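Chains as they are written, first to last, in the numbering used here: chain D, 1 to 170; chain A, 1 to 170; chain W, 1 to 170; chain L, 1 to 170.
In short, the hints are calculated from the structure, not lab data. If you're wondering where the values come from, they're calculated on a predicted model, not measured in any experiment. Honestly, I wouldn't trust all of these hints.
What the hints assert, rightly or not - Calculated cross-link-like contacts (lysine to aspartate or glutamate; reagent style DMTMM-like; alpha-carbon spacing at most 20 Å):
| # | chain 1 | residue 1 | chain 2 | residue 2 |
| --- | --- | --- | --- | --- |
| 1 | D | K158 | D | E87 |
| 2 | L | K26 | L | D55 |
| 3 | W | K158 | L | E35 |
| 4 | D | K158 | A | E35 |
| 5 | L | K26 | D | E32 |
| 6 | A | K26 | A | E46 |
| 7 | W | K26 | A | E35 |
| 8 | W | K26 | W | D52 |
| 9 | W | K26 | A | E32 |
| 10 | D | K158 | W | D17 |
| 11 | L | K158 | W | E35 |
| 12 | L | K26 | L | E46 |
Protein chains: 4
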Amino acid sequence: MALRIIITGGTFDKQYDAIRGQLTFKDSHLPEIIEQVRSTLPVELEINQLVDSLDMQDENRQRVLAACQRAPEEYIVITHGTDTMSETAAVLGQAFAAGDAALAGKHIVLTGAMVPYSVSGSDALFNLGGAFLAAQLTAPGVYIVMNGRCRPWDRVRKNRELGVFEEPTG
Amino acid sequence: MALRIIITGGTFDKQYDAIRGQLTFKDSHLPEIIEQVRSTLPVELEINQLVDSLDMQDENRQRVLAACQRAPEEYIVITHGTDTMSETAAVLGQAFAAGDAALAGKHIVLTGAMVPYSVSGSDALFNLGGAFLAAQLTAPGVYIVMNGRCRPWDRVRKNRELGVFEEPTG
Amino acid sequence: MALRIIITGGTFDKQYDAIRGQLTFKDSHLPEIIEQVRSTLPVELEINQLVDSLDMQDENRQRVLAACQRAPEEYIVITHGTDTMSETAAVLGQAFAAGDAALAGKHIVLTGAMVPYSVSGSDALFNLGGAFLAAQLTAPGVYIVMNGRCRPWDRVRKNRELGVFEEPTG
Amino acid sequence: MALRIIITGGTFDKQYDAIRGQLTFKDSHLPEIIEQVRSTLPVELEINQLVDSLDMQDENRQRVLAACQRAPEEYIVITHGTDTMSETAAVLGQAFAAGDAALAGKHIVLTGAMVPYSVSGSDALFNLGGAFLAAQLTAPGVYIVMNGRCRPWDRVRKNRELGVFEEPTG
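Next comes chain D alone, as it looks inside the complex (with noise of 0.2 Å):
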């Protein structure tokens, strides 16, 4: 029984660069993040990419969906930006619904962060600990975990005023 954390880049692992004056990626705080949170459920950890999602092209979706099937773990944690979050979910729930034996049995959850965790004041670790116990505690499937909630990836969106994901109405 192991967890992959999937790692795209995101707000979640954004740092500042003092040269530039702007917050880029340099690569993750991952890593460090494992170690700080005293996880006994073993680890495997993979930088997919590190990319702001509002970049991410379908290439850049494959690429997760890749990484999910060749995962050998069950549960499966991918860090991503918020702003398409949902798109990337929704390829990854469109390939698992469609039965794609490579994904079969697999708990994925798609979580991420509005506030860096380098930054104070961040819900990075919130979210990934939300996200660590949804993958063990859901059927398999795809999820987005934020704001302390677990929805299935066709039933929540990211609502951009208010910066809070909700179940879309209607």
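For this one, chain D is given, so just place chains A, W and L on it according to the hints.
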């Protein structure tokens, strides 16, 4: 649908007293944490007590039980010191198992921290996020969420040498 | 004997806007910082403006000069963006050198940060502490404190490739 | 021109031991702090001892004196527990006043913290920044920098009720 956090103290909420030069309890960080984590699940906070769990007597655990019985919410997270978390979980779990009507249908999760929220490198937010999701995704009952895992109250205890929670063997 | 902090914005005071996903100005962290650092020197805070120093026009620098002239305190620390800190220092330094009566006897120190106070790994508090002491220990005049050093306004400029302040050569 | 930091422990460098549940000494944070603060003044670090200043005996203070005598640098900053910082300053100050040839021309500043560097809300970086600048801007001698102020060793002591350093009255 709402979640109550019953605060009892423990390492989670310790803060540094600069005059006395040691970690003590003054008040809880949970109000600021709840803002920080952007929960869309309504959250009620209740400071039940602020004690080191090594100092907890049976009376203290009864006070936690009473708070769970009184709570109108279906989901309950209890922040607790790690040293006697299993003992308090047992008090709640035995009441639940005995069919206590005031606990029926409630999802009760105890969690805590090995490093205080106010100290760098803390596991508090990760554990809290896990507890939020475990409360919502488990069957009614009493659980402990620590180290990225959720276990029923009667199948977990702290290994004090290693500083992690594990399943008792034998 | 007292010290006035004239706040102008800059990297020092940038904070993360979770909705817009970028670092912006909302208000200053100086009030909370002053509590944190336990100064026994009386401190007056004045938010003069909250701008990126790359956006500063001559009018902005005149407003800083006016604040220094108006200040009843002998010791003045100005928090400022690093990119044009030297230019503002020159406006103040030339006025001082020209014998501006309203600046006579004042110890004016500009400082800032390469990493915002709200981002982990910030140099803001270190620089501020240096500026406090430099204001009290130098002769009246205009100085820049960055990178653990104090230099007169006309013998320092930012090296943008290295992200440090240095003495101009030649 | 260079600065030596002589590390002796104290609150400044305390860190949380998750197994024992208390603040202790493991190693010093100064190496990472020196990177963080972007000093362009060359800095040498020396771990002289890692003790609580309440546990310091005369032998411990002699070891600090010996380090100052040995140091080839002109500027010396000593990180030290606050409770007996004045006592160690007196040992150094009396040697300096007695004309100790190995101390002649040296600028020696003791500093520390009321809240550890590893705890949120710490004054450690602010004090260290002040000590850096005070070492460079004062006349040769022995000083204490705390609370945003620099005072000669024989005109300052800690007020333990208030947790600040002040000038002795009378």
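To test your reading of the hints: which numbers does this structure violate? none
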